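Here the protein sequences line up with chains A and B, keeping their order.
No gaps in the numbering here: position 161 of the first sequence is 161 in full-length UniProt numbering, and each next residue is one more.
No gaps in the numbering here: position 146 of the second sequence is 146 in full-length UniProt numbering, and each next residue is one more.
Source of the hints: derived by calculation from the structure; they are not laboratory data.
Watch out, some of these pointers could steer you wrong.
For identical chains, the list gives no copy identity; a pair is met inside one copy or between any two copies.
[Stated by the list, open to error] Calculated cross-link-like contacts (lysine-lysine; reagent style DSS-like; alpha-carbon spacing at most 27 Å):
{"id": "1", "residue 1": "116", "residue 2": "230"}
{"id": "2", "residue 1": "306", "residue 2": "141"}
{"id": "3", "residue 1": "151", "residue 2": "306"}
{"id": "4", "residue 1": "291", "residue 2": "230"}
{"id": "5", "residue 1": "127", "residue 2": "35"}
{"id": "6", "residue 1": "141", "residue 2": "275"}
{"id": "7", "residue 1": "127", "residue 2": "173"}
{"id": "8", "residue 1": "151", "residue 2": "230"}
{"id": "9", "residue 1": "127", "residue 2": "151"}
{"id": "10", "residue 1": "251", "residue 2": "306"}
{"id": "11", "residue 1": "251", "residue 2": "141"}
{"id": "12", "residue 1": "151", "residue 2": "291"}
{"id": "13", "residue 1": "127", "residue 2": "230"}
The structure presented is a predicted model; accordingly, all values stated were derived computationally and were not measured.
2 protein chains.
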Amino acid sequence: MHFKFPNKHSAVLISLLSLGVVSQAATNEPIQPIKAPTDINAGQAELGKKLYFDPRLSKSGYISCNSCHNLSMGGTDNITSSIGDQWQQGPINAPTVLNASLNLAQFWDGRAEDLKAQAGGPIANPKEMASNHTLAIEVLKSIPQYVVEFKQVFNSDQITIDQVTTAIAEFEKTLVTPGSRFDQWLEGDKTALNDTELAGYELFKSSGCTACHNGPAVGGSMYQKVGLIKPYQTNNPALGRFDVTGNEADKNVFKVPTLRNIELTYPYFHDGAIKTLSEAVNTMGEIQLGKTFNATENAQIVAFLKTLTGEQPQITLPILPPSNDNTPQPQPFN
Amino acid sequence: MHFKFPNKHSAVLISLLSLGVVSQAATNEPIQPIKAPTDINAGQAELGKKLYFDPRLSKSGYISCNSCHNLSMGGTDNITSSIGDQWQQGPINAPTVLNASLNLAQFWDGRAEDLKAQAGGPIANPKEMASNHTLAIEVLKSIPQYVVEFKQVFNSDQITIDQVTTAIAEFEKTLVTPGSRFDQWLEGDKTALNDTELAGYELFKSSGCTACHNGPAVGGSMYQKVGLIKPYQTNNPALGRFDVTGNEADKNVFKVPTLRNIELTYPYFHDGAIKTLSEAVNTMGEIQLGKTFNATENAQIVAFLKTLTGEQPQITLPILPPSNDNTPQPQPFN
Ligand code: HEC
Ligand code: HEC
Ligand code: HEC
Ligand code: HEC
Ligand SMILES: [Ca+2]
Ligand SMILES: [Ca+2]
């Protein structure tokens with residue numbers, strides 16, 4: 001190691017890097033195949049899907065979870081920072097919801113423990129959906145078909161925000177993407193990758209990328225400093241874990257993002273400033289590992305990363321139950 | 001007839017009203033069942049579905065056809081007037097795309113001849129998607145999977161706006177909603193409607209509603225003055241056909257909207273000012289026919305109208321092909 005690790009997260013990194021690759025039970029590879037979700041409560045997930053697509057959870061009646069985490073586009077909005085209520089610019093790039101259930105915690109800074117804890121946030125965030133939980137529940141309660149479905153699913157006469165976030169989280173658990181070419185290769189089909197892609201994978205491991213991007217999600221399992229070797233230049237004021245813990249050592253420490261479906265989740269980095277995968281790979285090499293890749297190596301790693309695109313969830317668009325005469329009106333322009 | 005018809009559209013109305021009901025070949029009813037679409041070019045429709053859901057046809061990368069004509073919500077946005085680029089307020093209520101193929105022409109004022117002529121409009125409308133056709137084509141051309149799919153579908157090396165609108169229109173032709181309870185009744189299942197609904201239908205016919213709302217779409221087949229008997233009070237400046245023809249007689253003459261799926265396409269009227277179906281029915285009675293319905297009659301007609309909700313198109317969310325490194329960047333905030 002020819003560089004100094006500046007903080008405690010790097011201590012984890014040292015031990016990981018010193019293993020060479022992170023070997024895991026199932027295979028000798030640092031990346032494991034994604035498994036299809038099990039133990040899904042089908043009723044909750046189906047209701048959760050409706051809620052995920054329902055813009056009536058927003059003040060304007062226009063913005064749903066799917067507006068920013070578009071399941072036609074890798075579970076993201078593919079813009080630098082999201083568009084929220086009144087076209088407000090969001091503070092940070094929207095991460096994908098695909099495989100988010102595999103993350104150790106939610107948000108770039110990990111401030112939400114799990115999907116359920118996360119799901120209440122955007123509804124009431126004035127820069128996102130700009131509603132509030134009381135209003136959102138009032139809307140749902142006014143819609144007869146929702147009342148019936150909540151009752152069926154939760155066996156209760158009340159509709160609560162706890163049920164809403166439970167259902168959305170259950171739906172999100174279904175949003176995993178098994179079956180990528182890389183997973184086919186991991187599972188024994190040695191023809192699934194071509195030579196360039198395999199060379200890219202070897203480089204990804206030998207360069208040390210797998211120290212941080214590993215496990216089934218190829219990320220999502222730890223926090224790490226962005227700019228370990230060289231500071232990352234950004235105008236984005238987010239300071240990552242520091243914003244949660246207040247510890248100096250947590251400055252610029254972010255959740256390592258999943259690289260699953262990375263071909264679909266451009267632009268890259270928490271500030272969304274990196275437009276191409278090629279640039280993301282070079283930047284990572286430079287700021288995290290002090291490595292410069294030549295054009296061939298870069299292309300190989302990019303080719304490998306594109307094999308991480310899995311089968312996208314097949315979603316039948318939900319048909320939302322209509323509002324009732326007494327449903328609170330959406331307020332798009334006031 | 002105890003009222004004077006002020007213009008030539010009313011001449012059509014006179015002859016229709018004097019027939020009592022508009023009898024048609026298939027049944028003796030003024031409304032015919034909706035037929036499942038035939039003669040769909042599957043390749044074009046599948047491509048058109050992608051384009052319909054693709055926000056990259058907008059300047060911001062955020063707005064697609066489905067943003068304003070949400071197929072989870074009856075093909076509308078369920079807000080008074082739509083939200084366009086930069087959260088601009090649209091000029092008029094967004095009509096449903098469901099069964100729009102049955103309309104004699106497109107838009108409230110009929111200014112687009114058909115679905116294909118319509119589809120180019122919103123992409124380049126600065127208040128809607130705010131892109132332009134050159135840029136939209138440049139975006140599509142930069143995306144390898146689109147290039148392949150256009151070539152397969154249109155057997156041409158070029159991507160043109162003509163192909164884009166052809167494909168979108170073909171997809172829209174699939175968006176019909178057969179199978180409503182009313183259609184089941186029309187097709188002979190006399191148990192499909194209850195007594196209240198049947199009473200509502202009888203009133204709908206005997207009051208003269210079917211003079212304008214008839215045919216398979218229960219509308220969409222003619223232009224009529226809004227406010228035949230009594231002016232319709234609105235702050236909306238749209239003047240309907242007059243804006244197209246410049247003829248005085250066309251002031252406040254609008255395409256008669258379809259009443260298919262009317263339960264889903266609130267709010268009502270071209271200005272979106274009418275929030276409930278009950279209010280829409282009373283207003284129509286008053287301003288078009290000089291009739292006042294009592295509460296029972298109103299409830300019966302509303303109950304009938306709700307039987308016009310058909311099977312909603314089952315849409316599998318398209319997975320959009322990712323942008324390429326050279327795809328023009330979306331411009332949400334500048
Ligand atoms: C206006 C845009 C917007 C809307 C609407 C929105 N999100 Fe997000 N979402 C974001 C952004 C931006 C972040 C990252 C915020 C951060 O990390 O501080 C995020 C983060 C997340 C995460 C964490 C993913 C990860 O890897 O950390 C999940 C899960 C998520 N959103 C789900 C949802 C759900 C469920 C809804 C609807 C209830 C929703 N989002 C609505 C923009 C949005
Ligand atoms: C020390 C930990 C660490 C190492 C080593 C590392 N990464 Fe990362 N990686 C991160 C973190 C943290 C981020 C989030 C950066 C940000 O958003 O600002 C990230 C982001 C990325 C992204 C963008 C993900 C997204 O969705 O925006 C890519 C691609 C990536 N890394 C690839 C690599 C490659 C290739 C290597 C090896 C050359 C590598 N990483 C090495 C921690 C690491
Ligand atoms: C920003 C909102 C918005 C977007 C985006 C939008 N529309 Fe519309 N659409 C409207 C409004 C508002 C009208 C009514 C305009 C008028 O009649 O003058 C309309 C009218 C229509 C009509 C006519 C229906 C009828 O009964 O007359 C069709 C069909 C249609 N749109 C299809 C599309 C397609 C296809 C796209 C994408 C290429 C699209 N729309 C994008 C708001 C939108
Ligand atoms: C003379 C023609 C005519 C007659 C008769 C008529 N309508 Fe209409 N109807 C229209 C027109 C034109 C509109 C569009 C009004 C507007 O948008 O401003 C309309 C709109 C509606 C709407 C709202 C549709 C929407 O999507 O916004 C409903 C509901 C409706 N009519 C029901 C009825 C009923 C019930 C009757 C009989 C009591 C009736 N109409 C009689 C022409 C007519
Ligand atoms: Ca991203
Ligand atoms: Ca409407």
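Now for the hints, and whether the structure bears them out:
In this homomeric assembly, residue 116 and residue 230 never come within 27 Å of each other (Cα to Cα): the closest approach is 36 Å inside a single copy and 54 Å across copies. When the C-alpha separation of residue 306 and residue 141 is checked against a cutoff of 27 Å, the pair qualifies only between copies, where the shortest distance is 21 Å, while the shortest distance within a copy is 44 Å. When the C-alpha separation of residue 151 and residue 306 is checked against a cutoff of 27 Å, the pair qualifies only between copies, where the shortest distance is 24 Å, while the shortest distance within a copy is 43 Å. For the homomeric pair residue 291 and residue 230, the shortest alpha-carbon distance inside one copy (11 Å) is at most 27 Å, but the shortest distance between copies (78 Å) is not.
In this assembly of identical chains, residue 127 and residue 35 lie within 27 Å of each other by CA distance neither inside one copy nor across copies; the values are 35 Å within and 44 Å between. For a Cα distance limit of 27 Å, the shortest separation of residue 141 from residue 275 across copies, 18 Å, qualifies, whereas the shortest one inside one copy, 43 Å, does not. With identical chains, the CA atoms of residue 127 and residue 173 are at most 27 Å apart within one copy only, with a shortest distance of 25 Å there and 37 Å across copies. For a Cα distance limit of 27 Å, the shortest separation of residue 151 from residue 230 qualifies neither inside one copy, at 54 Å, nor across copies, at 46 Å.
Neither within a single protomer nor between protomers do residue 127 and residue 151 lie at most 27 Å apart by alpha-carbon distance, with minima of 31 Å and 42 Å respectively. Taking CA atoms no more than 27 Å apart as the test, residue 251 paired with residue 306 passes in neither setting, with 31 Å inside one copy and 58 Å between copies. Taking the closest pair of Cα atoms, residue 251 and residue 141 never come within 27 Å of each other, the shortest separation being 43 Å inside a single copy and 42 Å across copies. Neither within a single protomer nor between protomers do residue 151 and residue 291 lie at most 27 Å apart by alpha-carbon distance, with minima of 57 Å and 41 Å respectively.
When the C-alpha separation of residue 127 and residue 230 is checked against a cutoff of 27 Å, the pair qualifies neither within a copy, at 32 Å, nor between copies, at 44 Å.
Checked against the numbered hints above, the structure violates hints 1, 5, 8, 9, 10, 11, 12 and 13; every other hint is satisfied.
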